[in-house]
Amino acid sequence: MRLLKDVLLSAAASTPDGVAVICPERGAVRYGELDELANRVARALLRGGVRAGDRVGVFMPKSADALAAMQAALRIGAAYVPLDPSSPVARIQTITNDCRLAAMVGDEARLAALGEDTGAALPFTLALDEGALAPFDAGTLPDTAATLDGNSLAYILYTSGSTGVPKGVALSQENALAFIDWATALLEVTPADVLANHAPFHFDLSVLDVYAAWSAGASVALVPEMAAFSPRQLVEFVGQHGVSVWYSVPSAVALMLHHGGLFEPPPPALRVVCCAGEAFPPRLLAALRAGLPSARLLNLYGPTETNVCTFHEAPAAVDGETPVPIGVAACGDEVWAVKDDGARATPGETGELCVTGPTVMLGYWGQEPHPRGAPYRTGDQVLVRHDGGFDYLGRRDRMVKLKGHRVELGEVETALGLHPEIGAVAAAVVGSGTDARLVAVAVARGERRVPLLELKAHCAKHVPRYMIVDRVVWVDTLPRTPNGKLDRGAIASACL
Amino acid sequence: MDPNVVEARIFSFIANGLLGGNSEGLERGTPLLELGVVDSMGITRLTSFLETEFGIRVPVEELSATNFASIEALARLVSRLSP
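From first to last, the protein sequence lines are chains L and H. Count the first sequence with my numbering and you get residues 1 to 496, in order. Count the second sequence with my numbering and you get residues 497 to 579, in order.
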């Protein structure tokens, strides 16, 4: 039975001297070294009482150490839970308790911050600093993962929840491998490739960068979190590491192109650019095509619940105006659109995109499992194209995207509503791409209008940084429709 | 350049450029990243500002949470990178 852990194990066995990871703090890390590091962390976890079937949190900046921790969990038959390193402690505690983490691996500073709070019931913590792993043997582990199969949990990715509580998308070994094998074949990854990892590890885009690289014995180069939207630094990164496959939200590519001098001159090694996470602007696609005439340009689509379930590869000529399709089914999945009346949408009609197949999640952690083979309704409205593919139209609910991050406005509103001086509040996103801003329309409970910085500090205790409000508009009452519901249109206008 | 002048100019950019003038409570030690005063796009805008205003070049390895932690920290970064 092939499992997710075998991706790195196979590469380490066949090309121990190849470079697995390039990261700021360690430079080039070879497959053999990463393999040994993962074994040491795995032994430390076993010593700490972690067993097959448990969950292990990883709470640290992206690094070879964080990757080794994730592999260590898999090697002992546990699942990993990559956590946003910039998340407030309260949110980490909520997640810790929600999925009952058996251990947390992290850096000293973050673990110390967690330790100061008593809210999290963590049986074991492991700080990956100098010397912590010295007592542990780096040799091959006994196969403690033998009890697992394709349906066993591999990792949980927490996303924003509409009721104010983050929800854990539980993904299986098979979910992960179906996507990784599809992506590796589609992108024709070879050991000579360098895949840039732009997305953070708690974001499902990172699954492609890391595992498609390792599947082929290629290298993954980790973009430092702080540089993620810094155009010139990103372009330097691409050149310095000879990046051949780039995958990120389109807004990061747009910044590199318009403000970073990406094509001055075009990076010679760059042969694939993939975008996902937000709509791919047609003009950006045309500009990429002009600058990289022979590169493969792809638009990948899929919520965390299904990873990539459709894809579109741009043709040799694009006009810069026609919407970029999200394309056709990927990963062996089946996709179709359902109209409001329940019938299947035909070409020219619109409906909600539904997915079945090997990448559809096990379910949300702590809730009823998603029935195997049952359609997953994405909540995304699409147009069925005459070529059989799909165009993305928008959301059917109040989930929004902020630079690729999924944000439920309800979670933002719940956090803001916890402030004692806010009587009522509604949130909205103004602008799109890199200009997207999170705005709150609020009613003060008393005389005082809470200053913006104070509200930001309040939000920072409850939600990840990308959900901290950028601006507040104070009103006397929230606009409502005649039947008493919040008037979202009027709220959006108030934000402008 | 006088470190106080550097801090004052950074303060003014953050207060007006990033917070839109809503800067009540902003201090030289305010944790900029933790409070979301400087987000991922803010890092980009702030970096361009520092480079233009002070004639420095901020390389990728200096884009760290420590250097961008506060106005004080940013001023130290500027002085370190200044010719």
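To be clear, the hints were calculated from the coordinates, so they are not data collected in a lab. Treat the numbers as computed from the prediction; the structure is a model and nothing was measured. It cannot be assumed that every hint is accurate.
What the hints assert, rightly or not - Partial pick of chain L residues on the chain H-facing surface, computed with a CB cut under 10 Å: (1) L122; (2) F124; (3) D435; (4) V443; (5) E447; (6) C459; (7) V475; (8) T477; (9) P479.
Unchecked claim - Some residues of chain H that are not near chain L, with every Cβ distance over 10 Å (derived): (10) N518; (11) F564; (12) R576.
Said to hold, decoys possible - Reference excerpt, derived from the structure (chain L facing chain H, CB under 8 Å, subset only): (13) M399; (14) K403; (15) R465.
Don't be surprised by glycine CBs; every beta carbon is placed ideally from N, CA and C.
Cross-check of the supplied hints:
1. L122: violated, 22 Å
2. F124: violated, 26 Å
3. D435: For D435(L), the interface hint holds, since the closest Cβ of chain H sits about 8 Å away, which is under 10 Å.
4. V443: With a minimum Cβ separation of about 18 Å from chain H (threshold 10 Å), the hint on V443(L) is violated.
5. E447: For E447(L), the interface hint is violated, since the closest Cβ of chain H sits about 15 Å away, which is over 10 Å.
6. C459: holds, 7 Å
7. V475: Because about 16 Å separates V475(L) from the closest Cβ in chain H, which is outside the 10 Å limit, the hint is violated.
8. T477: violated, 22 Å
9. P479: violated, 22 Å
10. N518: Violated, because the least Cβ-Cβ distance between N518(H) and chain L comes to about 4 Å, which does not exceed 10 Å.
11. F564: violated, 7 Å
12. R576: The claim stands: R576(H) keeps its Cβ more than 10 Å from every Cβ of chain L (closest is about 17 Å).
13. M399: Hint on M399(L): violated, closest Cβ of chain H at ~19 Å, above 8 Å.
14. K403: OK, holds: K403(L) within 8 Å of chain H, min 6 Å.
15. R465: Result: holds, 5 Å to nearest chain H Cβ.
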